[in-house]
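Student: Taken in order, these protein sequences are the chains called P and F. When you line the first sequence up against our numbering, it's residues 5 to 107, in that order. When you line the second sequence up against our numbering, it's residues 11 to 175, in that order.
Keep in mind that the hints were calculated from the coordinates and are not lab data. Take these hints with a grain of salt, some might be off.
[Unchecked claim] In the DSSO-like style, the derived pairs of lysine-lysine whose C-alpha atoms are separated by at most 30 Å in a straight line are:
hint : chain 1 : residue 1 : chain 2 : residue 2
1    : F       : Lys139    : P       : Lys61
2    : P       : Lys96     : F       : Lys57
3    : P       : Lys61     : F       : Lys168
4    : F       : Lys36     : P       : Lys61
5    : F       : Lys57     : F       : Lys168
6    : P       : Lys96     : F       : Lys139
7    : F       : Lys99     : F       : Lys36
What you are looking at is a predicted structure, and each value in this text was computed from that prediction instead of being measured.
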Amino acid sequence: MSAELITLYVTAIVLVAVTGLYYLLVTTNLIRAVIGLELVTKSITLGLILAGRLTGKVGLGQALAITLIVVEVVVLVVAVGLILLAHRHTGKVDTRGLRSIKG
Amino acid sequence: MNDAIVEIVMLVTFVLMALWAVLATKLLRAVVALAATSVLVTLLLFKLDSPLAAVFELSVCAGLVSAIFLGTITLTQPENEAEVAESAKERIRRYWYLPPLLLLLGVALLQVALPDVPTAAAAGDDVRKVLWTSRHLDLLGQITVLVAGAFGVIVLFKEARKNER
Numbered sequence: 005m006s007a008e009l010i011t012l013y014v015t016a017i018v019l020v021a022v023t024g025l026y027y028l029l030v031t032t033n034l035i036r037a038v039i040g041l042e043l044v045t046k047s048i049t050l051g052l053i054l055a056g057r058l059t060g061k062v063g064l065g066q067a068l069a070i071t072l073i074v075v076e077v078v079v080l081v082v083a084v085g086l087i088l089l090a091h092r093h094t095g096k097v098d099t100r101g102l103r104s105i106k107g
Numbered sequence: 011m012n013d014a015i016v017e018i019v020m021l022v023t024f025v026l027m028a029l030w031a032v033l034a035t036k037l038l039r040a041v042v043a044l045a046a047t048s049v050l051v052t053l054l055l056f057k058l059d060s061p062l063a064a065v066f067e068l069s070v071c072a073g074l075v076s077a078i079f080l081g082t083i084t085l086t087q088p089e090n091e092a093e094v095a096e097s098a099k100e101r102i103r104r105y106w107y108l109p110p111l112l113l114l115l116g117v118a119l120l121q122v123a124l125p126d127v128p129t130a131a132a133a134g135d136d137v138r139k140v141l142w143t144s145r146h147l148d149l150l151g152q153i154t155v156l157v158a159g160a161f162g163v164i165v166l167f168k169e170a171r172k173n174e175r
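Make a model of the complete structure from these sequences and hints.
Tutor: Laid out in structure tokens, this is it:
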């Protein structure tokens, strides 16, 4: 793998992570916030595999990526459960609707 | 050379799909873009000699996650188009400083990450062996997280049902 290609991989990973982070910070829609989180985890997955490949530890990279995917799905499922509950309480999937919730 | 060109095209499409997921005004399109991003990550993982992680990514992230998102959108029926457009404009006005700030962060990350990256790939080790021998605690963690997630969902919906009564 050439140095230019590695640079391109790292650039793409950082760009997608930053895009996801921006979306996560700016959006008020809860579903869109989870999409932002998904984008960040996708770039991290690719980063783990790339690091594994470059250091010759492909197995370790894959093991960590699989763990990350499992955690990502569980976080998503719980987040979706919370979004549905918020929608049931406020009638919206918006963070602005959650400001009135106490306790 | 051809392989490198294919990888470059996939990387560019990966970034474009991620941008589409963020910029799409309709949630459904954003979810489709996210699934497309997952498919591209899968292809890149195959290119990086990681077939097991690639299969996980394709089946779980492109399949299951998209289905969960579609189910959520159907159940919640979010705000209409005009509200989305107005809210997007307000966000852009309010957080004008975030894109340049995050871009600077990205550039800083690139500066930190690149000098130490080795250019030669050594022979890989078997993922099953790694997972069952040196990373078996990860498996325990995965099981715990899965059980915690399942209990979380059960508790959430139990509470919801109790509130409905």
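Student: Run the structure past the numbered hints and jot down the numbers of the failing ones, going up.
Tutor: Result: hints 2, 3, 4, 5 and 6 break, sorted rising.
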